[in-house]
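Visitor: Starting from the known structure of chain A, arrange chain B on it as the hints suggest.
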Amino acid sequence: MMTLLVLLVIALGIIAVTQMARVYEITSKLRGKREEEISPADNRMNARFMWIFCVIYYAFFFWLLYAYGDKLLPVSASKHGMVLDDLMTLNWVILFIMFFFTNTLLFYFSGKYYFKKDRVAKWYPHNNKLELAWTIAPALFLAVIVITGLKAWQEITAVAPPGTPEVELYGKQFDWTCRYPGKDGQLGATDFRLINDNNPLGIVTTASIAARLAELQTEKDATEKSIEAGYDHLPADALTKLEHHLGKVSRMMDRIVNLRTMMEQDIAANKEASKYAAGSDDIVIKEFHLPVNEEVNLTLRSRDIIHSAFLPHFRAQMNLVPGQGTVLKMTPTITTDSMRDIMANPEFNYILMCNKTRRQPLQHADGPGDREEERIRRMGGRDQQEALRRCTSGGGTACRWHSGIGQYRTER
Amino acid sequence: MTMGAHAHAAHADHGAAHHEHHHHEESFISKYVFSQDHKMISKQFLVTAIVMAVVAVMMSIFFRLQLAWPGEGFAITNFFLGDKWAPNGVLDSNMYLGLVTIHGTIMVFFVLTGGLSGTFANLLIPFQVGARDMASGFLNMLSYWFFLVSSVLMIASLFVEGGPASAGWTVYPPLSALPQAIPGSGTGMTLWLCSMAVFIVSALLGGLNYVVTVLNMRTKGMKMTRLPLTVWALLITAVLGILSFPVLLSAALLLLMDRGLGTSFYLSEIHIGGEALDNMGGSPILFQHLFWFLGHPEVYIVLLPALGITSEVIATNSRKPIFGYRAMIGSILAIGFLSFIVWGHHMFVTGMNPFLGSVFVVTTLLIAIPSAVKVFNYITTLWKGNIVMTPAMLFSIGLVATFIAGGLTGIILADSALDIPVHDTYFVVAHFHIVMGMSAIFGMFAGIYHWFPRMYGKMMNTRMGYVHFWVTFICAFGVFFPMHFIGLAGAPRRYYDYTAFPMFDNVIDLNVVVTLFAITGALAQIIFIYNFFYSVFRGPAAVQNPWRSNTLEWTSPVKHMHGNWPGKIPEVYRWPYDYSKPGKAEDFVPQNVPHTDGEEESHG
Chain A
0 MMTLLVLLVI
10 ALGIIAVTQM
20 ARVYEITSKL
30 RGKREEEISP
40 ADNRMNARFM
50 WIFCVIYYAF
60 FFWLLYAYGD
70 KLLPVSASKH
80 GMVLDDLMTL
90 NWVILFIMFF
100 FTNTLLFYFS
110 GKYYFKKDRV
120 AKWYPHNNKL
130 ELAWTIAPAL
140 FLAVIVITGL
150 KAWQEITAVA
160 PPGTPEVELY
170 GKQFDWTCRY
180 PGKDGQLGAT
190 DFRLINDNNP
200 LGIVTTASIA
210 ARLAELQTEK
220 DATEKSIEAG
230 YDHLPADALT
240 KLEHHLGKVS
250 RMMDRIVNLR
260 TMMEQDIAAN
270 KEASKYAAGS
280 DDIVIKEFHL
290 PVNEEVNLTL
300 RSRDIIHSAF
310 LPHFRAQMNL
320 VPGQGTVLKM
330 TPTITTDSMR
340 DIMANPEFNY
350 ILMCNKTRRQ
360 PLQHADGPGD
370 REEERIRRMG
380 GRDQQEALRR
390 CTSGGGTACR
400 WHSGIGQYRT
410 ER
Chain B
0 MTMGAHAHAA
10 HADHGAAHHE
20 HHHHEESFIS
30 KYVFSQDHKM
40 ISKQFLVTAI
50 VMAVVAVMMS
60 IFFRLQLAWP
70 GEGFAITNFF
80 LGDKWAPNGV
90 LDSNMYLGLV
100 TIHGTIMVFF
110 VLTGGLSGTF
120 ANLLIPFQVG
130 ARDMASGFLN
140 MLSYWFFLVS
150 SVLMIASLFV
160 EGGPASAGWT
170 VYPPLSALPQ
180 AIPGSGTGMT
190 LWLCSMAVFI
200 VSALLGGLNY
210 VVTVLNMRTK
220 GMKMTRLPLT
230 VWALLITAVL
240 GILSFPVLLS
250 AALLLLMDRG
260 LGTSFYLSEI
270 HIGGEALDNM
280 GGSPILFQHL
290 FWFLGHPEVY
300 IVLLPALGIT
310 SEVIATNSRK
320 PIFGYRAMIG
330 SILAIGFLSF
340 IVWGHHMFVT
350 GMNPFLGSVF
360 VVTTLLIAIP
370 SAVKVFNYIT
380 TLWKGNIVMT
390 PAMLFSIGLV
400 ATFIAGGLTG
410 IILADSALDI
420 PVHDTYFVVA
430 HFHIVMGMSA
440 IFGMFAGIYH
450 WFPRMYGKMM
460 NTRMGYVHFW
470 VTFICAFGVF
480 FPMHFIGLAG
490 APRRYYDYTA
500 FPMFDNVIDL
510 NVVVTLFAIT
520 GALAQIIFIY
530 NFFYSVFRGP
540 AAVQNPWRSN
550 TLEWTSPVKH
560 MHGNWPGKIP
570 EVYRWPYDYS
580 KPGKAEDFVP
590 QNVPHTDGEE
600 ESHG
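Chains A and B are the protein sequences, given in the same order.
Numbering follows numbering that gives the first Met the number 0, in which position 10 of the first sequence is assigned residue number 9; successive positions increment by one, without gaps.
Numbering follows numbering that gives the first Met the number 0, in which position 279 of the second sequence is assigned residue number 278; successive positions increment by one, without gaps.
Hint data in this document are derived by calculation from the structure and do not stem from the laboratory.
It is possible that some hints are incorrect.
[Stated by the list, open to error] Using 27 Å as the maximum straight-line C-alpha spacing, the simulated DSS-like pairs for lysine-lysine come out as follows: (1) Lys-219(B) x Lys-115(A); (2) Lys-247(A) x Lys-224(A); (3) Lys-32(A) x Lys-457(B); (4) Lys-383(B) x Lys-128(A); (5) Lys-580(B) x Lys-30(B); (6) Lys-222(B) x Lys-583(B); (7) Lys-558(B) x Lys-28(A).
No experiment lies behind these values; they were computed from the predicted model shown.
Excised from the complex, chain A in its bound form (with noise of 0.2 Å):
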């Protein structure tokens, strides 16, 4: 009903509007004045607009400023989210020197020039002289744009020195799942063959191959009973598509064999360091916490589509790409805690969302406790993995993590 009486209202005001038009085209039919005779009350009335029309738009501007500013995110928790904040605000001001320089004088020139019949335009082609002014110009103000833009840029996506911890992120739909590396330190290498419910990100050890390849061998088994029952009764589409599945499974065995020569070759010449051998005591889970005032390198890898990793409180952000690994380097600076006293919020998290997410993310409810920073502190370092060890075995809240963990969530 409320919709019908809306609808009306809407309906009526549109015919009102054009019965308006209407009754002024006539009676502009009977003066004898045409449309495109723009009366002098019509075009001070325009300019009049204009006027009116920019005072206001500045008056939403600053309002929104004031209302909203300082409602946006609060001050970065990373060393280089400082920076950029810094810059961000070089950059608002220079904006918004040009956006009211400009605005006003389109906004006054338009008002104020409206057309008058006895007064002549002025005629003013061109001037070089001028031309050539607000050609340099804004070169000058995008200069320094330009300059501090990239300095930043590149402090920020220098590599990470060795020996720089390092985190992974996995995206997969529809959630987040961290690894850290073990006692070594080190992650070790991945193939997306070898994933299984126990084996969700795909780490290659010794015991994965072997799992997997007795997996794949039961599904071969399977297929190839499935082909010779139904050879003879099953509709050819059915076991041509038994075949296909057959050939797709053989292949991926295959291959595992020839990534297990690989993981042993490489072990054989490396010893300890092959990445290959440094993937059983790698901690995957579901929580993804930081240590604060240390340089981490977090590694992003993806299982499906392109994911992004987005942690607005750190200014950080960095696609997950699947087939190729990417780096986000950063350096956390504020705790959990301290940031729910600079916020006043008791209930804070931080968040990792998508940000090319197609579905509804949740942001995982870190677990309850007190002020821990010092804790935070020795998660940093070598003590990390032992920290990060204790954490997990106390099921989760005993320690406080420095971030929480964004997660997605299915519709249904």
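Guide: Same frame as chain A, now just chain B:
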């Protein structure tokens, strides 16, 4: 004592060669359906684009309702989308993505590329260069028909089982390649790709025609430096399209192959739907490079015609020459060239080599210079003008305002470091809607109001034009200004519902503001559509040169005729911007009027 007198004088000179081929009666089919006349094709493009725009705007209202009042049912959503996609009027989350995707696709390609270039290149190029028609009327007709077929395919994709393509208008694989990833990557995606392939054929046929016509068919005296800026803009637009659309075609074809033929151009090491795929060695990033190699020039394919139209409308209605005519041409050329070497700024966070990123930062920010030149030149043209406030003029001024607002935020996004925290947030959505969406649509409206008398021989209602402009203008900022703040708070684009995130609670009420403005703005378009169609049939008859303009299209008789001019094509003696030239009785001197004794030729 206006234009008509000059035109008559011109015609009288060439009165002898009068009878050519405009006496035979054309059948309904050849006149309205399979027309090869540029004027009719231009109208066909325009009306098709209006229909497509109505669809796209309605889609945006449905998802704006969801964003403002998540989870609430709306009878209108249910009425249009049915129980499957909007049970109880609540928009389905998959359909939400479908609507976002198709809204973007239709607006960018079908309204602002096909509609804007198709309409105005067809209408204005032959008229303004002084040609009887396009170089090839037949290819021109094909261009429209391919456009129509692609439009029908795109609309048809809304009705297939899994819903329309829903991977965003950029259709990044693997999401768009794998039906396992999202229902919209099924038949809907195939139709999307087919539609785009056909669309590209249309764009190429049209573009080649435009370029050839401008280069080869200018009338006597029409030097390149006497071309109206509309023609310059449309010419460069066509060149951009010819150079970049084929790349999108290859991107789409490779994606079709990945989807249907088992190739691995964009796919590698993927485990989805519980199984590892066979595909190895491809790169999803390759698609992004190919896509944005079109995608960025596309922004200027959308924008340049609007800027060209604005140049013409602002000069005419300020009764002043456009300031810095040659600088305007130079900036069109510079923008056109630079638009080809900036595509990487869409990919700063894809893991692209950071050094390559720096290069794209520099090239992208360079574009700001010719853009700034354009803005300053518009403003200087207004300065000490004698501004006639026609609806077209209002929309042109509106374009300059949106171009400023959106252009400035572009500087943030072009800066790779600053892009990191706002990439893929609502900040981006706000930026490109203002700078590309609003500016281009304002240019299109300006063009429609300005050349309506030329197209239909009738006048549109000015008062309705005023209401249309002011409501649209206010709503444009009402929608997209607050959106920047939502983005700066970190809200990702493409999310169906933000209520699950306490961090957005502070700004999320802005979504209601945005939606209310969006609905008002959409309703204002009904006034335009009513005005448009009413005036087509019942509007008062137009005079030959209603805006007292200089360009050649106003020397052709109001009633359309095949070949545009009875008798000889007018000869051109001057540039198109002799407005308020000192020493002249009138405040305009059309291009086909020879110089008087001792008069100096003017140029910008």
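Visitor: If a hint holds in the structure, say so; if it doesn't, say that too.
Guide: Hint by hint, here is what the structure shows:
With a CA separation close to 36 Å, the supplied pair Lys-219(B) and Lys-115(A) exceeds the 27 Å bound. In summary, the hint linking Lys-247(A) to Lys-224(A) is supported, as the alpha carbons are separated by about 16 Å, within the 27 Å threshold. Taken as a hint, the Lys-32(A) and Lys-457(B) pair is honoured in the structure, with Cα atoms around 15 Å apart against an allowance of 27 Å. At roughly 19 Å between alpha-carbon atoms, Lys-383(B) and Lys-128(A) fall within 27 Å of each other, so this suggested pair holds.
About 41 Å separates the Cα atoms of Lys-580(B) and Lys-30(B), which puts this hinted pair outside 27 Å; it is violated. This hinted pair checks out: Lys-222(B) and Lys-583(B) have alpha carbons roughly 23 Å apart, not beyond 27 Å. The suggested pairing of Lys-558(B) with Lys-28(A) holds, with an alpha-carbon distance near 21 Å, which does not exceed 27 Å.
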